[in-house]
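Novice: Line order of the protein sequences matches chains P and S. If you're matching positions, the first sequence starts at -6 in the numbering used here and goes up one per residue. If you're matching positions, the second sequence starts at 46 in the numbering used here and goes up one per residue.
The hints are simulated quantities; they were obtained by calculation from the structure and are not laboratory data. Predicted, not measured: the structure shown is a model, and the values here were computed from it. Some clues are possibly wrong.
Below, in silico cross-link-like pairs of lysine-lysine (DSSO-like), each with a Cα-Cα straight-line distance of 27 Å or less [stated by the list, open to error]:
#: 1; chain 1: P; residue 1: K368; chain 2: P; residue 2: K0
#: 2; chain 1: S; residue 1: K181; chain 2: P; residue 2: K0
#: 3; chain 1: S; residue 1: K136; chain 2: P; residue 2: K368
#: 4; chain 1: P; residue 1: K0; chain 2: S; residue 2: K136
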Amino acid sequence: MRLRRLKAIAVKEVLQIWRDPRSLMIALLLPFTQMFMFGYGVNLDLKHIPICTFDREGSQFSQDLLKHFQASLYFAIAHDVTSYPQLAAAIDRGDCRAGIVIPPDFSERLNDSGTAAVQAILDGTDDNTANIAWGYTMAVVSGFSNDVQVSQLDRAGRTLQQIQPMAVQSRVWFNEDLESRNFIIPGLVAVIMALVGAQLTSLTISREWERGTMELLVSTPVTSGEVMFGKLIPYLVLGWLDAAFCLLIAALWFEVPFRGTLATLFLTTTLFLAVVLSIGYLLSVLIRSQVGASQMALVVTMLPAMLLSGYVFPIDQMPPFVRDITYLIYSRYYVTIIKAIFLKGAGVAELLMPILFLIAYTVAVVVLAARAFRKRLV
Amino acid sequence: MSGSDIADAQVVAEDLVKRFGVFVAVDHVSFRIGRGEVMGFLGPNGAGKSTIIRILCGLLRPSAGRVLVAGIDVVKDPERVREHIGYMSQKFSLYRDLTVEENLRFFGGIYRVPRAELAERMRFAIDMAGLGGREKALVATLAGGWQQRLALGCAVLHRPPILFLDEPTSGVEPTSRRRFWDLIHTLAADGVTVLVSTHYMDEAEYCHRAALINQGRIIAIGSPDALKHMALGGELLLLECAALGPTLAALRQAPGVIDASVFGNSLHVLVGDAERSLTELPAYLAEKALPPSRVERIHPSLEDVFVQLIAVDMAKRRQAA
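Here chain P stands alone, though its shape is the one from the complex (with noise of 0.2 Å):
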């Protein structure tokens, strides 16, 4: 490896990136586009389910529970129905995921037998926001109950405090507020920073190729080594660029708490980055042409990185051999670590597995990628 040869073979490739809109498009943009598209897009936080009311009584008591629905951060009241025919158009059309159907006998038995069931009708269709709506019914329902019990006992002179014997008090630890976003945008930065960063070097060699400017490069004393490394030293400074590009938005935009350290960050980012742009540059180096390489690199980064890297779906409730799959992925590993800096401020020695696996990784790509340049022509 000699300094002088790598050094005209990274200068030159900083010349030909500052002279090519379509890779600093692809490098500066694309994570920025991407962050807020993502960002805001994916979000699994549900909030305002529209609901349809069918209130079949229409007693002060059938409102009050009605308020309830309505003062709930969860619910949005679409429509006010007055038939089951009309509530079933209502889920028909979309305009409701969910209705509430409050029998004409209601307050009458509460006051006789001291229980009333309320009718939830759930648009199955998409069973997940149908189970979200439930579990956030039941409560609403439960907690009316509780303030009709609560009312029904001052009556009757007594005070709560005397009939709770127990509750549990659950308290999550690392994202307080258990928003979705707080634990997907440090996963997103990774996903990005997959793509993009094998994205950046799949053109690198295939470029050359193409132009026939490998051909001549060939025939040069060069070695592979020097190629290797004098094309990945600006793509890695890029890559710093987009990270810290990616991470601000996180922080600063999204808000997302940052607890750990900016070294624990710094190294971890780096140890992924050589991963990513040596994995587009191996990419590069087999099939020689853009295009080519290009959509393979993204065929390689960002399925694995959006569905096995548990960015959004939890690697534990993966089948069995999925599981084993996603030690495959990368993205898995910094999906781990970054989530760790970010929420619990992780620090090198708690996510030594991790960064270990990042590293063997990382030489098993380099090496690869450095057979695999071949000097010749076919």
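Given the coordinates of chain P, work out where chain S should sit on it, guided by the hints.
Specialist: Chain S only, in chain P's frame:
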């Protein structure tokens, strides 16, 4: 110089074969190039010229045979060979999105031209290519001839003793081509060994020796004059006279004459030795009362020569098959 007697051979190919699947691109080719020699590879497109050059540069592995460049076996140690050569590929292969200066600086770095020398070497390359004042121009904006001269400049920046130039004048206008050949000769005069391929047959005149390549084989190799002699089987005189018929008959009996034929208003006479016949023939004809009005030597174009040699080669192949 005729092949094997070259003592100081810088490039040696022995029984070189290159197959791509069933297609034989290079078919048992042998040649030697001496120090400071300009060797031309001529032949139609697809004859195998580029393939041979790429093997010499270590870009393709030969199927059989041996190649020595600067005394080093290319197959065994391509990297050491690359220290000694400069290469211009058939397809333009400098960076079009870099400027003249940036390209030179890049290759200066790749070849590790000593920093103290680099500025002077770059100046030399720029002057040689006639690119003074355009150092900051993007290569993409330069005309073809300038691009090719810059490519040559990049190839000689590190003072390689051996140069492989693959169709350097292809697509370049005639005046620029001429200038390019002057550059090649300047380099050769300094002791640089040059192998240059071209499909412009007339450019063989600029080479010390030329090899005519057809369908992967060298069908003729030698100096331009030797090649002409080989193709015609002699040297050619043009003779103008009053009475065509009797003169033709007389010439066919004349000593030293191989053949004679009518060519428009004059005669073409094929002789063994042009210099001798130039003095002997007028005297011979004057004796027969048929004094010619003009006798002069004519130089057939190499293009004619090659067309004939290729035709003969094709006929031989058909016979063999």
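Novice: Tell me the numbers of any earlier hints that the structure contravenes, in ascending order.
Specialist: none
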